[in-house]
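Peer 1: Go ahead and model the full structure; you've got the sequences and the hints to work with.
Here are the chains, one letter per residue:
There are 2 protein chains.
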Amino acid sequence: MSEVTVGRRPRVVVVGAGFGGINAAMELGKLPVDVTVVDRRNHHTFQPLLYQVAMAVLSPADIAQPIRSILNGFNNIEVTMDEVQAIDKESKRLKLSSGTVLAYDYLIVATGSTHSYFGHDDWAKLAPGLKTVEDATEIRRRVLLAFELAERQMLETGTHPPLNFVVIGGGPTGVELAGAISDISRLYMTKDFRHIDPSVATVMILEGSPAILGAYPKDLQEKAVEQLHALGVQTRTGSHVTEIGEGYVKIGDERIESVCTLWAAGVQPSPLGKALGVEVDRKGCVLVDEHLNPAGHPEIFVCGDLAHFEQDGKQVPGVAQPAMQMGKYAAQRIGLLISGRAAGQKAFRYFDKGDMATIGRKAAVARIVWPFKANWSGFMAWITWLTVHVFFLIGFRNRFSVFREWAWTYIWKRDGVRLIVGSQDLPGWDQLADKELAARQATSSLPLD
Amino acid sequence: MSEVTVGRRPRVVVVGAGFGGINAAMELGKLPVDVTVVDRRNHHTFQPLLYQVAMAVLSPADIAQPIRSILNGFNNIEVTMDEVQAIDKESKRLKLSSGTVLAYDYLIVATGSTHSYFGHDDWAKLAPGLKTVEDATEIRRRVLLAFELAERQMLETGTHPPLNFVVIGGGPTGVELAGAISDISRLYMTKDFRHIDPSVATVMILEGSPAILGAYPKDLQEKAVEQLHALGVQTRTGSHVTEIGEGYVKIGDERIESVCTLWAAGVQPSPLGKALGVEVDRKGCVLVDEHLNPAGHPEIFVCGDLAHFEQDGKQVPGVAQPAMQMGKYAAQRIGLLISGRAAGQKAFRYFDKGDMATIGRKAAVARIVWPFKANWSGFMAWITWLTVHVFFLIGFRNRFSVFREWAWTYIWKRDGVRLIVGSQDLPGWDQLADKELAARQATSSLPLD
Numbered sequence: 001m002s003e004v005t006v007g008r009r010p011r012v013v014v015v016g017a018g019f020g021g022i023n024a025a026m027e028l029g030k031l032p033v034d035v036t037v038v039d040r041r042n043h044h045t046f047q048p049l050l051y052q053v054a055m056a057v058l059s060p061a062d063i064a065q066p067i068r069s070i071l072n073g074f075n076n077i078e079v080t081m082d083e084v085q086a087i088d089k090e091s092k093r094l095k096l097s098s099g100t101v102l103a104y105d106y107l108i109v110a111t112g113s114t115h116s117y118f119g120h121d122d123w124a125k126l127a128p129g130l131k132t133v134e135d136a137t138e139i140r141r142r143v144l145l146a147f148e149l150a151e152r153q154m155l156e157t158g159t160h161p162p163l164n165f166v167v168i169g170g171g172p173t174g175v176e177l178a179g180a181i182s183d184i185s186r187l188y189m190t191k192d193f194r195h196i197d198p199s200v201a202t203v204m205i206l207e208g209s210p211a212i213l214g215a216y217p218k219d220l221q222e223k224a225v226e227q228l229h230a231l232g233v234q235t236r237t238g239s240h241v242t243e244i245g246e247g248y249v250k251i252g253d254e255r256i257e258s259v260c261t262l263w264a265a266g267v268q269p270s271p272l273g274k275a276l277g278v279e280v281d282r283k284g285c286v287l288v289d290e291h292l293n294p295a296g297h298p299e300i301f302v303c304g305d306l307a308h309f310e311q312d313g314k315q316v317p318g319v320a321q322p323a324m325q326m327g328k329y330a331a332q333r334i335g336l337l338i339s340g341r342a343a344g345q346k347a348f349r350y351f352d353k354g355d356m357a358t359i360g361r362k363a364a365v366a367r368i369v370w371p372f373k374a375n376w377s378g379f380m381a382w383i384t385w386l387t388v389h390v391f392f393l394i395g396f397r398n399r400f401s402v403f404r405e406w407a408w409t410y411i412w413k414r415d416g417v418r419l420i421v422g423s424q425d426l427p428g429w430d431q432l433a434d435k436e437l438a439a440r441q442a443t444s445s446l447p448l449d
Numbered sequence: 001m002s003e004v005t006v007g008r009r010p011r012v013v014v015v016g017a018g019f020g021g022i023n024a025a026m027e028l029g030k031l032p033v034d035v036t037v038v039d040r041r042n043h044h045t046f047q048p049l050l051y052q053v054a055m056a057v058l059s060p061a062d063i064a065q066p067i068r069s070i071l072n073g074f075n076n077i078e079v080t081m082d083e084v085q086a087i088d089k090e091s092k093r094l095k096l097s098s099g100t101v102l103a104y105d106y107l108i109v110a111t112g113s114t115h116s117y118f119g120h121d122d123w124a125k126l127a128p129g130l131k132t133v134e135d136a137t138e139i140r141r142r143v144l145l146a147f148e149l150a151e152r153q154m155l156e157t158g159t160h161p162p163l164n165f166v167v168i169g170g171g172p173t174g175v176e177l178a179g180a181i182s183d184i185s186r187l188y189m190t191k192d193f194r195h196i197d198p199s200v201a202t203v204m205i206l207e208g209s210p211a212i213l214g215a216y217p218k219d220l221q222e223k224a225v226e227q228l229h230a231l232g233v234q235t236r237t238g239s240h241v242t243e244i245g246e247g248y249v250k251i252g253d254e255r256i257e258s259v260c261t262l263w264a265a266g267v268q269p270s271p272l273g274k275a276l277g278v279e280v281d282r283k284g285c286v287l288v289d290e291h292l293n294p295a296g297h298p299e300i301f302v303c304g305d306l307a308h309f310e311q312d313g314k315q316v317p318g319v320a321q322p323a324m325q326m327g328k329y330a331a332q333r334i335g336l337l338i339s340g341r342a343a344g345q346k347a348f349r350y351f352d353k354g355d356m357a358t359i360g361r362k363a364a365v366a367r368i369v370w371p372f373k374a375n376w377s378g379f380m381a382w383i384t385w386l387t388v389h390v391f392f393l394i395g396f397r398n399r400f401s402v403f404r405e406w407a408w409t410y411i412w413k414r415d416g417v418r419l420i421v422g423s424q425d426l427p428g429w430d431q432l433a434d435k436e437l438a439a440r441q442a443t444s445s446l447p448l449d
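Order-wise, the sequence lines are chains A and B.
If you count the first sequence from 1, position 270 lands on 270 in the working numbering, and the numbers rise without skipping.
If you count the second sequence from 1, position 14 lands on 14 in the working numbering, and the numbers rise without skipping.
Since the hints were derived computationally from the structure, they do not count as laboratory data.
Just so you know, even glycine gets a beta-carbon here, dropped at the ideal spot from N, CA and C.
Among the clues, some could well be false.
Unchecked claim - If you want the footprint, here are the derived chain B segments under chain A, 3+ residues with CB under 8 Å: (1) 41-50; (2) 126-140; (3) 307-313.
Peer 2: Structure (structure tokens):
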């Protein structure tokens, strides 16, 4: 194992290429530093649109972009697809899973968060969450297969099976998933099936807290619930899930049938936070000061969901905008530190432009703070949502193809990309391997009836 | 289990929704029959462009279309995502894996073929073949990861690792894969890496028979080899692979290093051929007469790769065109049989328009038979290939998006869709689960060096 030799220029390592890491890297690309970006994946994912991949409106390639292509214009940035295995803050070195050791002068940690099943890790298989492109493909597979299985059951038994979808968690992701399932079942799938009626599908959101979209103002919460109900989505608040099984969810003693259960209830920070060996909060987010440094380490920056940053007495939320701003701030601060001009830099301050969540095909709620203050709901909020999301997609190619797919799907109500890819196993699906199948078929007496 | 009740109209069951099955179904949609299409997958795959998904030029959604959306304009067609488990020719019934029993008056079997590893089924994991969207995604993952791993190795060790790709099989698929790997390594990936030089990658085609593109005329075979060599692809004919292992391929005692091995050497017919209980050839293809029926069963049609149909003393090849023509013929014959006008129908005859294979970004070989006879190679053949393939894609949406992606990739040499999705395991990649990682990192003494 050889160490990376010390260059003349300061070395910056960015761990994680989500919103925080990518924005830091693009800013560092302009500075006289040598940058290494480390990520386990080869692509940056535009997470706010991931639910549209899950709902077969967009393809993975529409919302994910290889990290190398985003950054290949910057000659001072190298990318390695790897994982951090250990951090030594004293010698300022990282060890990666491949064995590579990276020395750094400055370190930006932006490894984000993952699903939290609140100690019930066995729920992960029963109710997948939505963080990665693979998650989105898996959710798409399960939702589409639920309709396929219902059609098969009806062909076999002659009775219409129930089609109840359950989304656990009433934050933006849960609301978006539920609205989209309702949409595709009522608008896009009806003409595809001869036996079942996809429009009888019901969707239920189970939220543990007292409100749907808890982070939004009261009036938008109410509008969101109204719009969800208009789509036929049921919402139950104050409902703590106590058990998830194949085909059902339990709230205490009450059993709710579910052909497909999705998880949008909680996230936990990346374990790299604790591994840094600095002060973390109860959840494991790293407490950072006004310059996004953990105490005593002005050379380490923590950005995005992994950072616990307090502003006006409240923790800045773990969403895309603060992560992007933090990444940019950290990179700029490194530039100022290098040139000895950091003393005058203002503290980091999250500039809140607002939040948005779509509810189905043509409604949304938007808490707008900038460039003017307003709480919008309905169609105007949805148009705003569309515009902002296309604008923030990285890469012209993606913007163009996303716009085209949306026009295709929303305006002309045409087919999305309803491919079922991956395993075709489903409960009750007695799948046979080809050979086994051939062997059985080769027997002369056929087991018909 | 209830049987499907006997309707007034003849019932036709189509098994398999590849080129044969889909073309049969679209023709049956116009007839006074009730049709059930059975397929294990929810989508029809345009296999001639699958290698472009594998090579990150196209996305799965560009070349695959849900069977339901292709057929949803025909009210007399139902689709079920299921698998045939048993066929009873006497009572004219099929049993599906779900337990559903389908009665038929006419049956079209078009379940195609799958990879054949000539008895070495353990090679499947070491050298994936290309038949499905999942195969394409897996090949893409392996090819892209080979470059990522080389970059990591160079970052760690400082020496440039070899980048040899081996494609086993010199038919159209092997030639297309090899040409495309050469292209992406030389044209698209060079600006993405800081340490390795992707353009030093070598690609080798190993073919067991004496010629590359054995089914093509001699002059086109020679042109193809010329064009492959111009791209830096090595070709070895008469080379029988005797062993495949992690990182190598053996021809007798000779060991060839390989960072990624792909299989394009052989196919075998679906086991449903033998399961029909009619006469099959040595490979397992069903021997069919001039009306595509197995002997003694005028109500059963076998179409596409699964059929062994002799014309002018030769077996019609297992490619898209004959399958499409067979599917259409079988459906038309069913129409004539129903209306009592079948006696005058001509025997099936494959109308051979020609064959084409691309060789990289702007060359191809084309054996054109219709509308005029010519053997073309080079750029003109490539333009012909482009035109024909866009024209035959089912669905305007797909044609449009494929055209756009090609323009993007070929004309402007821009990024394709180089996403690595799925497992990130690779030989030598010591991957750690998050928890294990956290546990290791939490220990205070760090194992650096």
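Peer 1: Against this structure, judge whether each hint is valid.
Peer 2: Hints, one by one, checked against the model:
no., hint, result
1, 41-50, "holds (count 3)"
2, 126-140, "holds (count 3)"
3, 307-313, "violated (count 0)"
Checked against the numbered hints given earlier, this structure breaks only hint 3.
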